[in-house]
Amino acid sequence: MISIVRTYLTRLLPQLIALATIVAAVSIVFPGFLNLEIQNGRLYGSLIDILNRGAPVVLLAIGMTVVIATKGIDLSVGAVMAICGAVAASLITSGHSLGVTLLATLAVGVLCGVWNGILVAVLDIQPIIATLVLMVAGRGIAQLITEGAILTFNDAGLIFIGSGSFAGLPMPVVIWLLFGVLVALVVRRSALGMLIEAVGVNREASSLSGVLTPVLLIAAYVLSGLCAAIAGIIAAADIKGADANNAGLWLELDAILAVVVGGTSLLGGRFSIAASVLGAIIIQAINTGILLSGFPPEFNLIIKAAIIVFILVLQSPRFRTAFTFLSIPRAAGKPTEREAK
Amino acid sequence: MQTSDNILSASRIEKGFPGTRALDKVDFHLRRGEVHALLGENGAGKSTLIKCLTGAYRRDGGSILLDGAEVDPRDTFDAQRLGIGTVYQEVNLLPNLTVAENLFLGRQPRRFGMIDTKAMNRRARELLAEYELELDVTRDLASYSVAIQQVVAIARAVDLSGKVLILDEPTASLDAHEVAMLFRIVRRLKARGLGIVFITHFLEQVYEIADRITVLRNGQVVGTRDTAELTRRDLIAMMIGRELAAEIQSARPDAVEGEPRYSFRNYGRRGHVAPFDLDVRAGEVVGMAGLLGSGRTETAEILFGAHRADSGTAEIDGRPVNLSSPRAAIRRKFGFCPEDRKTAGIVGDLSVRENIVLALQARRGWTRPISRAEQNRLADHYIRALDIRTADREKPIKLLSGGNQQKAILARWLATEPELLILDEPTRGIDVGAHAEIVRLIETLREKGMSLIVISSELEELVAYSTRIVVLRDRAHVAELSGDRITAHQIVEAIAAANERGAS
Chain A
1 MISIVRTYLT
11 RLLPQLIALA
21 TIVAAVSIVF
31 PGFLNLEIQN
41 GRLYGSLIDI
51 LNRGAPVVLL
61 AIGMTVVIAT
71 KGIDLSVGAV
81 MAICGAVAAS
91 LITSGHSLGV
101 TLLATLAVGV
111 LCGVWNGILV
121 AVLDIQPIIA
131 TLVLMVAGRG
141 IAQLITEGAI
151 LTFNDAGLIF
161 IGSGSFAGLP
171 MPVVIWLLFG
181 VLVALVVRRS
191 ALGMLIEAVG
201 VNREASSLSG
211 VLTPVLLIAA
221 YVLSGLCAAI
231 AGIIAAADIK
241 GADANNAGLW
251 LELDAILAVV
261 VGGTSLLGGR
271 FSIAASVLGA
281 IIIQAINTGI
291 LLSGFPPEFN
301 LIIKAAIIVF
311 ILVLQSPRFR
321 TAFTFLSIPR
331 AAGKPTEREA
341 K
Chain B
342 MQTSDNILSA
352 SRIEKGFPGT
362 RALDKVDFHL
372 RRGEVHALLG
382 ENGAGKSTLI
392 KCLTGAYRRD
402 GGSILLDGAE
412 VDPRDTFDAQ
422 RLGIGTVYQE
432 VNLLPNLTVA
442 ENLFLGRQPR
452 RFGMIDTKAM
462 NRRARELLAE
472 YELELDVTRD
482 LASYSVAIQQ
492 VVAIARAVDL
502 SGKVLILDEP
512 TASLDAHEVA
522 MLFRIVRRLK
532 ARGLGIVFIT
542 HFLEQVYEIA
552 DRITVLRNGQ
562 VVGTRDTAEL
572 TRRDLIAMMI
582 GRELAAEIQS
592 ARPDAVEGEP
602 RYSFRNYGRR
612 GHVAPFDLDV
622 RAGEVVGMAG
632 LLGSGRTETA
642 EILFGAHRAD
652 SGTAEIDGRP
662 VNLSSPRAAI
672 RRKFGFCPED
682 RKTAGIVGDL
692 SVRENIVLAL
702 QARRGWTRPI
712 SRAEQNRLAD
722 HYIRALDIRT
732 ADREKPIKLL
742 SGGNQQKAIL
752 ARWLATEPEL
762 LILDEPTRGI
772 DVGAHAEIVR
782 LIETLREKGM
792 SLIVISSELE
802 ELVAYSTRIV
812 VLRDRAHVAE
822 LSGDRITAHQ
832 IVEAIAAANE
842 RGAS
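If you're matching them up, the sequences are chains A and B in order.
Note that this note's numbering has the first sequence beginning at 1, numbered continuously upward.
Note that this note's numbering has the second sequence beginning at 342, numbered continuously upward.
Wrong hints could be hidden among the right ones.
As the list claims (entries may be wrong) - Okay, derived cross-link-like pairs now, DSSO-like style, lysine-lysine, Cα gap no bigger than 30 Å in a straight line:
| hint | chain 1 | residue 1 | chain 2 | residue 2 |
| --- | --- | --- | --- | --- |
| 1 | B | Lys459 | A | Lys71 |
| 2 | A | Lys71 | B | Lys789 |
| 3 | A | Lys71 | B | Lys531 |
Said to hold, decoys possible - Some chain B residues judged to face chain A by a derived CB distance under 7 Å, without partners named:
| hint | residue |
| --- | --- |
| 4 | Pro667 |
| 5 | Ala669 |
| 6 | Ala685 |
| 7 | Gly686 |
| 8 | Asp690 |
| 9 | Glu695 |
Stated by the list, open to error - Using C-beta positions, here's what the derived DEER-type ranges look like:
| hint | chain 1 | residue 1 | chain 2 | residue 2 | range |
| --- | --- | --- | --- | --- | --- |
| 10 | B | Leu438 | A | Val215 | 17 to 27 Å |
| 11 | B | Gly706 | A | Tyr8 | 20 to 30 Å |
| 12 | B | Asn607 | A | His96 | 53 to 63 Å |
| 13 | B | Glu758 | A | Leu34 | 51 to 61 Å |
| 14 | A | Tyr8 | B | Phe358 | 46 to 56 Å |
| 15 | A | Ile302 | B | His722 | 48 to 58 Å |
| 16 | A | Gly41 | B | Thr684 | 55 to 65 Å |
| 17 | B | Thr684 | A | Leu16 | 45 to 55 Å |
| 18 | A | Arg6 | B | Glu758 | 32 to 42 Å |
| 19 | B | Thr708 | A | Gly41 | 48 to 58 Å |
| 20 | B | Arg399 | A | Arg6 | 36 to 46 Å |
| 21 | A | Ser190 | B | Arg362 | 40 to 50 Å |
| 22 | A | Gly164 | B | Arg713 | 34 to 44 Å |
Don't read these hints as lab results, they were simulated from the structure.
Just so you know, these numbers come straight off a predicted model, no measurement behind them.
We treat Cβ as the ideally placed atom computed from N, Cα and C, and that holds for glycine.
From just these sequences and the hints, can you work out the full model?
See the structure below:
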């Protein structure tokens, strides 16, 4: 058990170091950064704000991690967010119940995932091209649904998802925490995780070993679509309206970045959902931190880029070898007798 | 020997890779004005030798004399400059540039520092005229056929180098007419005094164009002969069997009696392998022999459902079965170790443990995971049973040597407790120790009553463990040997007989 915890910590160490460094740096520049207070049974403070603001990217990163593990990529998630936000807004304004609205919206996300999955797994189109189709078309579809306007709504239930709170935490945080734990459990407690990694590393060898590769690939894109649907609902509920032009705009790039910062290789294979979630939080911490530190906004993107380069260096194989070499010399691996002969 | 006649003389070339000895003191002498065929099965060392000659690899030992002077090409550019040009099967030119640009890339005629397109096109036309080729040199290379692209590549290589021309499988994707055109050009270059090395798998073409033949096997030269004095039969024996005199007769398993468990009738797939009949009994090893490209791998892939059969029926114990996918075959307790271990066998980044449990897990489905304890038990069991040399079961499989990777793939299938195991070249590219262990394993599995189909280019090996041998040629099953007829000699006879029939 302890060894499992240690493996996890070693895997997440670069991300944890990066996050701690950023939080420490911001709290020096902006002393109120670490303050937390409870008002009306709900936690407030910059840290909670980061978790809350980061919700859409965290959710997208969960799905993106699994897709990237299969050696794919899903560029359409931002557009799917816009579609799902529009669907939710139009259903709720046309008088459907909250339950029907949510179920239908999630179903639309799943459908988008099935579409991407079929293009990739059955028609064998390169994932970057296959999902580019929906990335471009998706915003058009969302605009058709909202008829070009920002579709606002007043349904208290739907708004609660964006700005309500549960057990002291904002609803978006509760949702991504629960969903993230659920996905991680399903993937790791079943054999899905290993099969996904096998397909990502070597699709042909996996097929020849009897792995149902097309179904797994489609499932990965479906999960990504589902994540985008939840993110889309949260984003729409947050602003009490569906903005087809701006909802989820460029978030696919943040999600990919979160996965990369989380240390999952774009070449597929080994993945960690926890690390990607941390990656998304790191990105949001940088965003919020730069704003709070009072730097001129022009510097934001450049500072963000510099910090990300630093994190990527931290987890590069070369740096890691040097690092393990310094700290635990025997981890370099003593050849066993069998190997030595 | 008239060494003065040799334009290229490579002596005692050595090259090793981790775990294998790719070239072992190879001598290769190329005369001025000759076409010299370099033959051998996959992995024999042909391409390694070529890469050492052209500087793509640095040799570990030996010397290369070009025109009597010792040379040591550092890279392919260096070799080109010295006079050794190479044309590969897949043309390595730039399809999106014009014919003229391809011919003069990197050495375009200049005027006032600018590329003189007019002069370049004129010189390109002159150059191609020597090959009786009239092309619009301003058109993109991609607009011409592969054969024309080959000729352009040859023209560039000869113009650049001009002493030695190496043709690496130039005819693989050409039709008969195009081959004839290419050979006309090769003869012309030969008359100009170039030394030409010709690598191919087509024996007919060797007899048509080559003056001499050098055969490599397992990184060593088997011999160099004049084409006119070498029969096809002897050539095939040189390529795949050890010398016929050294034929071994070990305790071969007795023929198995009884009803076949697996029976395939008129089974085949267009463009892959012609319809064949095949029976396999329990406790039987059916060997598949034939030259490269004879349809052995295609047969295995169809049997396993990796490619769907488009004719015929398959029966297990008399009941018809559908083997339309690897999953369907695995459900019938089939297992398949593919020929290309790296691209179709191992899942490189995953651990030895995960690679071993993969097929079993895939068969159980994702909802019924094999517990970690059970995975560890399975992995440890097979690591011990097959003597897989690895630091521990969590090591990524790509870090293991070829032989140990092969054993891990075998373990993956053994873990599914298969009843029919199809092995495609299970001993290729692995060291001698692992080789012997895998051969022993095949014998043990047969004794336990498993049915096996084994493809191998090592005739002695096939002879040692097969109860029957199917001989393939030109994507068809042409002969079946059993009982006393299972000898390396008979296999070579069967391949050659078919070969001569086909050639006449």
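Quick rundown of the hints versus the structure:
Only pairs whose Cα atoms come within 30 Å are accepted, and Lys459/B paired with Lys71/A is rejected, the gap being roughly 48 Å. Pair hint Lys71/A plus Lys789/B does not hold up; C-alpha atoms about 41 Å apart against a cutoff of 30 Å. Taking the CA atoms of Lys71/A and Lys531/B, the gap is near 49 Å; set against the 30 Å cutoff, the hint is violated. Among the interface hints, the one on Pro667/B holds; its C-beta lies about 5 Å from the nearest C-beta in chain A, closer than the 7 Å criterion.
With a least beta-carbon distance of about 9 Å to chain A, the hint placing Ala669/B at the interface is violated under the 7 Å criterion. At a threshold of 7 Å, the smallest CB-CB gap from Ala685/B to chain A is about 5 Å, leaving the interface hint in force. Interface restraint check: Gly686/B against chain A, minimum CB-CB distance 6 Å, threshold 7 Å, status holds. Given hint, Asp690/B at the interface with chain A, holds; its Cβ is 4 Å from that chain's nearest Cβ, closer than 7 Å.
At its closest, the beta carbon of Glu695/B sits 6 Å from a beta carbon of chain A; the interface hint therefore holds under the 7 Å criterion. Distance hint for Leu438/B and Val215/A: a CB-CB separation of about 44 Å, inconsistent with the stated range 17 to 27 Å. In this structure the hint that Gly706/B and Tyr8/A lie 20 to 30 Å apart at CB holds, the actual value being about 27 Å. Evaluation of the 53 to 63 Å hint for Asn607/B and His96/A yields a pass: the beta carbon distance comes to about 60 Å.
Taking 51 to 61 Å as the suggested C-beta distance range, the pair Glu758/B and Leu34/A conforms, at roughly 59 Å. The given range of 46 to 56 Å is broken by Tyr8/A and Phe358/B, whose C-beta atoms sit roughly 38 Å from each other. Checking the proposed 48 to 58 Å range against Ile302/A and His722/B shows it holds: the Cβ atoms sit about 56 Å from each other. Evaluation of the 55 to 65 Å hint for Gly41/A and Thr684/B yields a pass: the beta carbon distance comes to about 58 Å.
Checked against the hint of 45 to 55 Å, the pair Thr684/B and Leu16/A fails, with Cβ atoms roughly 37 Å apart. The hinted window of 32 to 42 Å between Arg6/A and Glu758/B holds, with their beta carbons roughly 35 Å apart. Distance hint for Thr708/B and Gly41/A: a CB-CB separation of about 40 Å, inconsistent with the stated range 48 to 58 Å. In this structure, Arg399/B and Arg6/A meet the distance hint of 36 to 46 Å, their C-beta atoms being roughly 43 Å apart.
A hinted range of 40 to 50 Å holds for the C-beta pair Ser190/A and Arg362/B, which are about 46 Å apart. Checked against the hint of 34 to 44 Å, the pair Gly164/A and Arg713/B passes, with Cβ atoms roughly 40 Å apart.
The structure fails to meet hints 1, 2, 3, 5, 10, 14, 17, 19 from the earlier list, while all remaining hints are met.
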